[in-house]
Amino acid sequence: MLRNPVINFAIKLWDCKFISARNSALFINGSKATENFVYVIPYIDFQHDIKQKELIQEQLLKRKLNIDLNKLESLWSIYQELKQRKFEYEKKREEVSRELGKMIKNDPENILTKKLKIQVNLLKDNIKKLKEPLWFAEEAAIVEILKLPNNLHSRTPDGENRVLYTHLSPPKIQKDHLVIGKDLGLIELIKNENYYLKGTAAIFELGAKFYFNNILRKNNFHQFSNPDFVKSLIVEGCGIDHTNPNSSFILHHNENSKVNIDSRLHLTGGASLCSFFAYYTKNILHPKSLPLRYFTMGRQYTPSSFEEDSLFHVSQSSVVEIFCATRNEKDLSVLLDDLIEILKSAYSQLGYHFRLSIVTADQLHTWESLRLIIEMYSTSQQTYVEIGNISVSEDYISKRLMLTYVENKESHFPHILSGTVLNVPKFLACVLEQDNDFSLPKEFTVDKWKI
Amino acid sequence: MLSRKVFQINQVKFARLWSSIPDIDIDYYCNSKNIAEIRNNINLRKGVGNIDRVLEVFNKLNSFPTCHTSHEVLKQDLYKELSSLPNRTHPSVQKYADSPHVVEELNQKRDFGKDTPLEFSDITRRLNLMRTDKLGHTCGHKSYYFLGELAELEEALIKYTITMLLDKNFQLVSVPDILSRNVLESCGMSVNSDRTQIYSLDATHHGPDLYLSGTAEMSLAGLLMNSTHSVFNLPLKLAAVSRCYRAETSNIIEERGIYRVHQFTKVEMFAVTTPEQSEDMLEYLRKVQQELFLPLGFHMRVLDMPPFELGAPAYRKYDIEAWMPGRNNYGEISSCSNCTDYQSRRLHIKYTDNNVRKYVHTLNGTACAIPRILIALLETHQDPKGKIFIPQVLQPYMNGKKYISKNIITPELKLMKIKK
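Chains as they are written, first to last, in my numbering: chain H, 1 to 451; chain B, 1 to 420.
If you're looking for bench data, these hints aren't it; they were derived computationally from the structure.
Just so it is clear, CB atoms sit at the ideal spot from N, CA and C, and this is done for glycine as well.
Some hints here could point you the wrong way.
As the list claims (entries may be wrong) - Derived SDA-like pairs (lysine to any residue); straight-line CA-CA distance at most 20 Å:
#	chain 1	residue 1	chain 2	residue 2
1	H	Lys71	H	Ile50
2	H	Lys218	H	Lys71
3	H	Lys409	B	Pro411
4	B	Lys237	B	Lys287
5	B	Lys406	B	Asn169
6	H	Lys128	H	Thr166
7	H	Lys83	H	Gly30
8	H	Lys198	B	Asn233
9	H	Lys282	B	Gly136
10	H	Lys128	H	Glu81
11	B	Lys417	H	Lys448
12	H	Lys409	B	Lys414
13	H	Lys218	B	Thr410
14	H	Lys175	H	Glu160
15	B	Lys287	B	Val393
16	H	Lys288	B	Leu413
17	H	Lys282	B	Leu166
18	H	Lys198	B	Leu166
19	H	Lys288	B	Asn128
20	H	Lys128	H	Glu95
21	H	Lys442	B	His141
22	B	Lys142	H	Glu255
23	H	Lys198	B	Asn169
What the hints assert, rightly or not - From chain B, some residues computed to sit far from chain H (all C-beta separations above 10 Å):
#	residue
24	Tyr29
25	Ser32
26	Leu74
27	Arg125
28	Tyr145
29	Thr163
30	Glu279
31	Tyr284
Take these sequences, add in the hints, and give me the full structure.
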């Protein structure tokens, strides 16, 4: 039998319906599952993960995240205990029903038969009563567990960013890309949400994307052209709070149906991790098709939370985005090193100072286990600016959005590497702030567009 | 942070009020001598607009002194009525009744012999070049992904188009895709109801005035809003590559597949001219379109559109329709319009000539709308053996490749079933 206080606690929680406070587009159970179509069920193995509680605790500290693991554990144990109890009731009911079946055949009028009948009904009643508290306990636990961050990669440094590579030296003359952009008639920036690139700057935008596309194609990357909208489920699946308007643009609900906070359309842009995962959610891959090495050029939209208006903070960017899936950590590590070499060579050829660094845990998004950044020095900001990146998310998002491959009749989760290898507005801003006067890099000129 | 948000919203509201009063030609529209002509024009175009109501409000307005409280209300009312009137119609077009006039036919229809040409969606399914299946739950209705060489072909088309436009001294502009309401309305889009063609951002989360651009024409018009140009700088020719967002849906069988989609990439041309230059500029834009499309090898016809097919801002409009053999039908691949001073009066775009300020004329035209061009290309150049010929002019932009063949790199789609 179960300890009653736990159950009582759970039932109480359920009774006061503070259930409405939760929001998950990714995990939907119970009565909500009949209202909302459940497209995917995330894979969760908390029992296994929590065995390394100390490690998780330590990593939470490094990420400077405030998540109470004890509370998580207790939510989980309430859920497990209720589940266990339901299981026991069901087992018992089966036993009693079997016995009752025999008795009814042989001796329907026996007092024991009647007793068994009452017992079965009681058990049925108990199972029924347990149904909703169990849903609630499950939801309470899993919604919180889904907020846990990814593991940290062994190469993610402590203390400060680890610089892997530096090319040339930073510009010395202080310049402001907006002033230069205005003087040369290249940039019309009204605010972070609204800007134009004109003439050579617009050619720069296209030329830069075409240059990187070409390099990626030569390195056996396969081109995609993606849609710009994704549903809330994908945003949350990719580890982003889908209800937070500072994280993604939420579209006005155009339909006649009721607005559901967990089923909105988000404008992320096609050149984003979300858009690639909208393709690969619930996919079953053949192991032979791995590794996937994809790229796309396109838009990326992110709400700007900066007061200062500049190309560093704009909400619409033209970018080149990559998406890779490998069988395991080892293959991913090889691919990461391969990509580092590709980026080194691609950026070096342009003749600007840049460096590649791996960032510390506290700068990571929850879904990342490692992020490598491409940085250029901005003389207006007097600091390095991230103009591109590569993120390792291992199997964190694959598990949430059920991207699998089957080998030897067993399902595995591919490891994911993704990133914005070029963010044009940030890159252009840094190029305008170089010591030399601005000119279109020869690699980006129109005659180079033919390959 | 908070104070800045409030400030921004005020600014937006202010800007909207300020430039939402269009400077419509009252001398023409409110002159009772012109009423028959205006009424006739509205009827021809089968559009909205009520000239009787305009005159009624106008006369009422004049019966009140300027200082009267009703004056301001009536003035707003008058502008609302005036704004809904369509542009005038080119005299030659007025004669077309209900059918377009075929200006020119270009390229022959390809003879497929005894083979039946396949439709775009069948070709792309066989060659694994596109996914449209089962995307409703992850990225919304009517979404599509181009894969492999089809995505490369999209890039090649952009490169080809922009290269030619730069050669012709168009100035390239990179535009924002999120715009405020007054820019859209000034271009002749109606933004009022929920059943609009326009997507917008959630007002409670992102502020009340952010809409997704349906075409770069709107963004370019927004750039030029409240500007004055020297006559020596005209005509001004601009081009932009942008994403276009359209909320309209269609259940018409002819518009299946990617014929009508919610999002696509488009290269757009936009021109600013003096009133004297605009008719020639429209012919020029049409020639540029023909020059761009002709080497792509599909059959097409150039149409001078009849009055009822003109959107409110257009004075004259040419459409080009390409023959799509798989669909066995013509499909519109481009249009170009002369909007005369319809947009410039709403957006306050002027030019100075000998110290006189006048309204410019604006024109716009499609240089390359990716999905439709891809349909025409693939359906025309398909080979019964299952590959697609790439037109010669595009080959240099595709690493010299002559054919698109089956994509064997992107795995065929296999989705997990939910176990309950």
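Hint by hint, here is what the structure shows:
Between Lys71 of chain H and Ile50 of chain H the alpha-carbon distance is near 12 Å, which keeps this suggested pair within the 20 Å criterion. At roughly 50 Å between alpha-carbon atoms, Lys218 of chain H and Lys71 of chain H are farther apart than 20 Å, so this suggested pair is violated. Taking the CA atoms of Lys409 of chain H and Pro411 of chain B, the gap is about 18 Å. The hint holds against a cut of 20 Å. Between Lys237 of chain B and Lys287 of chain B, the direct Cα distance comes to roughly 14 Å. Compliance with the 20 Å bound is thereby established for this hinted pair.
For the proposed pair Lys406 of chain B and Asn169 of chain B, the alpha carbon gap of about 38 Å is over 20 Å, so the pair is violated. Distance restraint check for Lys128 of chain H and Thr166 of chain H: the Cα-Cα separation of roughly 65 Å exceeds the 20 Å cut-off, and the hinted pair is therefore not satisfied. With a C-alpha separation of about 14 Å, the suggested pairing of Lys83 of chain H with Gly30 of chain H holds against the 20 Å cut-off. Restraint check for Lys198 of chain H and Asn233 of chain B: satisfied, since their Cα atoms lie roughly 16 Å apart, inside the 20 Å limit.
Among the hinted pairs, Lys282 of chain H with Gly136 of chain B is consistent with the structure: their alpha-carbon atoms are about 13 Å apart, no more than 20 Å. Only pairs whose Cα atoms come within 20 Å are accepted, and Lys128 of chain H paired with Glu81 of chain H is accepted, the gap being roughly 16 Å. In summary, the hint linking Lys417 of chain B to Lys448 of chain H is not supported, as the alpha carbons are separated by about 47 Å, beyond the 20 Å threshold. The hinted pair formed by Lys409 of chain H and Lys414 of chain B meets the criterion: a straight-line CA distance of about 15 Å does not exceed 20 Å.
Between Lys218 of chain H and Thr410 of chain B, the direct Cα distance comes to roughly 17 Å. Compliance with the 20 Å bound is thereby established for this hinted pair. The suggested pairing of Lys175 of chain H with Glu160 of chain H is violated, with an alpha-carbon distance near 27 Å, which exceeds 20 Å. At roughly 18 Å between alpha-carbon atoms, Lys287 of chain B and Val393 of chain B fall within 20 Å of each other, so this suggested pair holds. Straight-line distance between C-alpha atoms of Lys288 of chain H and Leu413 of chain B comes to about 14 Å, which keeps the hinted pair within the 20 Å bound.
The suggested pairing of Lys282 of chain H with Leu166 of chain B is violated, with an alpha-carbon distance near 44 Å, which exceeds 20 Å. A C-alpha spacing of about 13 Å is found between Lys198 of chain H and Leu166 of chain B, which places the hinted pair at or below 20 Å, so the restraint holds. Taking the CA atoms of Lys288 of chain H and Asn128 of chain B, the gap is about 17 Å. The hint holds against a cut of 20 Å. A C-alpha spacing of about 18 Å is found between Lys128 of chain H and Glu95 of chain H, which places the hinted pair at or below 20 Å, so the restraint holds.
Proximity of Lys442 of chain H to His141 of chain B is assessed by CA-CA distance (about 42 Å); at most 20 Å being required, the pair is judged violated. About 15 Å separates the Cα atoms of Lys142 of chain B and Glu255 of chain H, which keeps this hinted pair within 20 Å; it holds. Distance check on the hinted pair: Lys198 of chain H and Asn169 of chain B sit about 13 Å apart at the alpha-carbon level, within 20 Å; holds. A cut-off of 10 Å between C-beta atoms confirms that Tyr29 of chain B is not in contact with chain H; the least separation is 32 Å.
The non-interface label for Ser32 of chain B is consistent with chain H: the shortest C-beta to C-beta separation is roughly 42 Å, beyond 10 Å. Once the 10 Å rule is applied to beta carbons, Leu74 of chain B is consistent with being away from chain H; the minimum gap is 32 Å. The claim that Arg125 of chain B is not at the interface with chain H holds, since no C-beta of that chain comes within 10 Å of its own (minimum 16 Å). Distance check on Tyr145 of chain B: its Cβ comes as close as 6 Å (rounded) to a Cβ of chain H, failing to clear the 10 Å threshold; non-interface status is violated.
In this structure Thr163 of chain B is not separated from chain H by more than 10 Å, as the shortest Cβ-Cβ distance comes to only about 6 Å. Residue-level check passed: Glu279 of chain B sits 27 Å from the nearest beta carbon of chain H, beyond 10 Å. With 10 Å as the threshold on Cβ separation, the claim that Tyr284 of chain B sits away from chain H holds: the shortest Cβ distance comes to roughly 21 Å.
Figure legend: structure checked against the earlier numbered hints; hints not met, in rising order: 2, 5, 6, 11, 14, 17, 21, 28 and 29.
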